[in-house]
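Listed below, chain by chain, are the residues.
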Amino acid sequence: MRYEAPETIDAAVALLGSVGRARPLAGGTDLLVQLRAGIVEPDLIVDLKKLPGLRTIAKEKGGFRIGAAVTGAELREHPDLRKVWPGVVEAANLIGSTQIQGRASLGGNLCNASPAADSVPALIAAGATVTIIGPGGQRELAVEAVASGPGKTILAKGEFVTSIFLPARPPRSADAYLRFIPRTEMDIAVVGCGVSLTLDQSGTCTAARVALGAVAERALLVAEAGAALIGSKLDAAAFEKLIAAARKACRPIDDKRGTKVFRIDIAGVLAQRTATIAAERARGQK
Amino acid sequence: MNDIPLAGTAPKAELKWVGTRGPRPDGLDKVTGRARYGADFRLPGMLVGRVLRSPHAHARIRGIDISKAAALPGVKAIVTRDDFRDMPSEFVPAGEMMVNYRDIVRNVMAREKALYEGHPVAAVAATSASIAREALSLIKVDYEVLPHVIDAAEAMRADAPLLDETMITAGVDPAPTKPSNVAKRMEFSTGDLKAGFAQADFVIERSFATKPVHQGYLEPHACLASVNEAGQAELWCTTQGHFVVRTHCAKLLDMEMSQIRVIATEIGGGFGGKTVVYLEPLALALSSKSKRPVKMVMTREEVFLSTGPTSGAHMKVKIGVRKDGKITAAEAELIYEAGAFQGSPVGPGCMCAFAPYEIENARVIGYDVISNRPKVAAYRAPGAPISEYAVECVIDELAQKLGLDPVEFRLKNGAKAGTRALYGPKFGPIGLVATLEAAKNHPHYSAPLGPNQGRGVASGFWFNIGGESCASLHINEDGSVTLMIGTPDIGGSRASMALMAAETLGIDVAHVRTLIADTDSIGYTFLTGGSRATFATGMATVDAAKAAIRQLCARAAKIWEISEDAVVWEDGHAKPAGQNAATFPPMSLAELAGKAGKTGGPISGHAEINAQGAGPSFGTHIVDVEVDKETGRVDIKRYTVIQDAGKAVHPGYVEGQFQGGAAQGVGWALNEEYVYGADGKLQNAGFLDYRMPVTSDLPMIDTVIVEIPNPAHPFGVRGVGETPIVPPMAAIANAISRAIGTRLCELPMSPPKVLKAMQAHKANGG
Amino acid sequence: MSKRHVSAVVNGDPVEFLCTPEQTLLDVLRDDLDLTGSKECCSSGDCGACSVILDGRLVCSCLVLSAEAEGKRIETIEGMAKGEELHPLQRRFLEHAALQCGICTPGILIAAKALLEREPDPSETEVRFWLAGNLCRCTGYDKIVRAVLDTAAEMRRS
Amino acid sequence: MARVVLGPNLRRFTDGVDELEIDAATIQQLLAKLGALYPKLGPHLERGLAVAINGTIYQGTVLAPIPPDAEVFLLPPIEGG
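Residue numbers (numbering that gives the first Met the number 0), protein chains in the order written: chain A, 0 to 285; chain B, 0 to 765; chain C, 0 to 157; chain D, 0 to 80.
These aren't lab readings, by the way, just hints derived from the structure by calculation. Ideal Cβ placement from N, Cα and C applies to all residues, glycine included. Each statement offered as a hint is correct.
Here are the simulated distance ranges between beta carbons:
(1) Asp191(B) / Gln27(D): 32 to 38 Å
(2) Glu164(B) / Lys255(A): 29 to 35 Å
(3) Ala152(C) / Arg138(A): 50 to 56 Å
(4) Leu27(B) / Lys60(A): 53 to 59 Å
(5) Lys255(A) / His4(C): 38 to 44 Å
Okay, the calculated bits of chain B under chain A, using three or more residues with CB under 8 Å as the criterion:
(6) 621–632
(7) 668–674
Next up, chain A with everything else stripped away, as it sits in the complex (with noise of 0.2 Å):
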């Protein structure tokens, strides 16, 4: 195995090319633990965490670009990502211990693909795209459609994330994020739930979208779900319509964290929970 870390995006591209069995790496929580146990192979690693633009956070047409490999903690430390994506910040912070938050990053965390990282429902909910590199050039994907199912992603051969962004909001905008696990932390997530909601001046529900994870082969983004708060005053109706849109989307397995039952009976209630958080924070605005 080679270890490389290259100062430009055209020769990580071509590393990761270069080889049959090349690694991205970015904080390397997943890689690592997977190195260890024998699960991944590799001959390369390309560490990214040299190249431009892949850990700093930018604003951009009022939003913001989080280059892939910023970490939960750098998130947290953000003057005013936490302020407009409170959801997201959140649900980056729930990925692993004070230690872990250190070195995992955003993009890790969606590329590892793991239908219960945490970060991932926050960023479908909050409509966010990522910017994809490789030997056929630059494309931008919806979050949703990165991940394929459990540890697989649509990335081609010698294709990486470069960074991940966040869309300007409009007043009265937030979201929030939630999971489910039997400790207070250091779980992976038994389900995990993304919500971000718009309220007009009357306080009735424009737009809302609504995430699931840990409850499919990959996180969902449930239009169902984010269908039964629009037009709503987010009202006792509006979120028994919620919660059952929210469990109708479920497709979980039996494992070692969680049994189906279970999983789909948390996912309303998660549902339920986050967006009367994300519905708050909204009304809490000017």
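We have chain A already, so just place chains B, C and D on it with the hints.
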């Protein structure tokens, strides 16, 4: 000995060191990273040893081909079953334990069959970790995969796959004619069960199940072995008992004990799990073959796959009471999983089950059952937390049924001095009632509860043990003292020994340094476990100090040219007594030490004892929980541990034992379990999914140390390390039941199970 | 397999080492630099016993490739005391009996140090969540949390 | 004479007798006499037992004195974690 006023007999108020919270001799090294644990040792020319483990839960091993691995450059030795001699199936003494070496040799290295996923099949020593890993992949094992059985209840069925085709259940008359997975049946009884239940106004009978849980020590098993051409071996290892390691290794490798020197490294947690051998015989065998030092360290996955948790169990408990709250009869059936080889702690489970109560008519029947899991190892009060969990849940339910406060109900029936335990003897002075009274009066017990919260209490018992211990105490020329003991220090016992030595000698504890001696430097000392170290090695320490005092007095007598009988030892000084009193100024320990050479030579005291009279320890825990009614998640809001320590030698470390036991109990109660797939493979062999409590899962854990002295110990010490893990599971179960209005009878009480119980309760109109 | 040359600063001292690409920072600290105070208890970032501070950031050294250490500043437990003077956290841990077996202690001390450098006045809850990645199986965490809170108070006073 | 209680696990080797009086001054005398009385019990006595004499448990020792009229229980050995 009567001429020496003993510190231990002095009233409590006069103790100067015992009962204080001084620094620990090993503390500085542990906060600076200097302390060396099992994996921190290295030697020149050292090889890396790795183990090939069975991927199957149950498979016959038809053949092992090591030829390709042996030919790999850098591979220096390989061992398989062929390198270990077989042993007959019989229980023989190993130190103070009775062990079956037929089973131990098979657990160390699979023989006819691999009996669990992770069972060692071969081991390799190579010049690097990567070569060792490659060598393992080149060993070809021909397995015939067999049907497996994981759960004890299933293993007891007539059609279950048999692990050992020769196993005939012991303890049954007449002996069964067919083999089974039931190794043993046992029974404890007293009084007339039928008559007892006939007197009862209410009878509650419940079934319970618990899962195996791992001790979860953070330090993986590790050792470094070096064997020379003459067969002399040195072995550094992380263990609770280096003498026990020596005993086992000598037996398994057919070596004389004098040829094996075992050095106990600092130990990163054990809780009972480091009382057996896994890597040590393999490392010695590999070193013996290669004549190079071999270091072996388990990965965390290996720790979970192949080292012993404690048993999972299926239990039935039935208790009858009169309307006035008096228990009339109690009965239990306990089925404990032993893992792949017999020897679950069902015996102590039976004996402890009803120990906290005075019950005239009782019977407990236990079964020791094998299945395709790693062989269980001791885990804090082995056996007791399981059976007492079940009993304490039924006790709580009976209190509810009678409309009695659960502490009052326990006080009505609680064991006290003179109560006959189910297993026979009458208790001497014990502290159960004192812990219950303390619980009743503790502010926690009467604090208001919030919504969705419940409060539970439970009591617990553990025997505590004594046994063989040695201590050598050297008076150095400058008056400082070096104390050598043979029990590895797992949680601060060096500090406790220093305090007891200082108290007995009458000198400042700062001048006493305690060290753990290797197996060649002190006499046989049984392991640190059973809550025996502070008790038994403490007694040896006091005896060794007294032996030194006798010499010190004799030296003073020689200097003063008076009779030895006319010298007493007080406050660290020899003083002339009787008709010579005040004739000479007292001589301090340091003065006498300085003159030791001229008055007869160095002064040392030593003691080699088999300590008897261990004092049982009782505890009572109070816990508040809050249940999330929509998800079933349980939060521990407040926790109080009350326990009889006899005498807390170092209260800080006694509290630490209470708190640590409670925290492990919280994990056992709420989330820890082994999750097996249909293929018999463990799915959560790592900290991530085994889910031990983390810092944010717990509140502060309040402690109350009750001190009812143990008359057999010079300072009144009872062991404290094990009882704290006995009450938590029932206390939490009782708290949850009071929060949600229905009872769970299965551990762990993880969110899906709690949610399901609440939903069922609601569906039934609850 | 070619080895890579890495220069870094460990506990204030310049160090150079050769490493293979697979080696973690923890491997190099323990096996090549003889700094065995950082412990390997899980190799998966779940226990925190290998915690070090890397360019001011608390990390698990088992999840850092040694090659990534090039040009970085690394603080380990061995550098926590300044000469004969213990760090206040080390002193308070001893006073509070906040360790039993001690294997988690180096990682917890490093993690707590990183916390107090960032937040001199943490609440009990903040301490508990900050340390959630540092498993301790002996103490039940009570005395550890108290020792950290007491140290914070002491450091604020001085 | 000490009153000796064997308990249900050993009763099987003593033709159902689980309580008897024996004149013995020490544990080793007691075990020798029991072994002579009930040969089937012998191996189980050698397996290592705990002996409770007037409530105090002795284990791994055969020399403990048995006072006259003591109450003696034979127990399985107790180990610990």
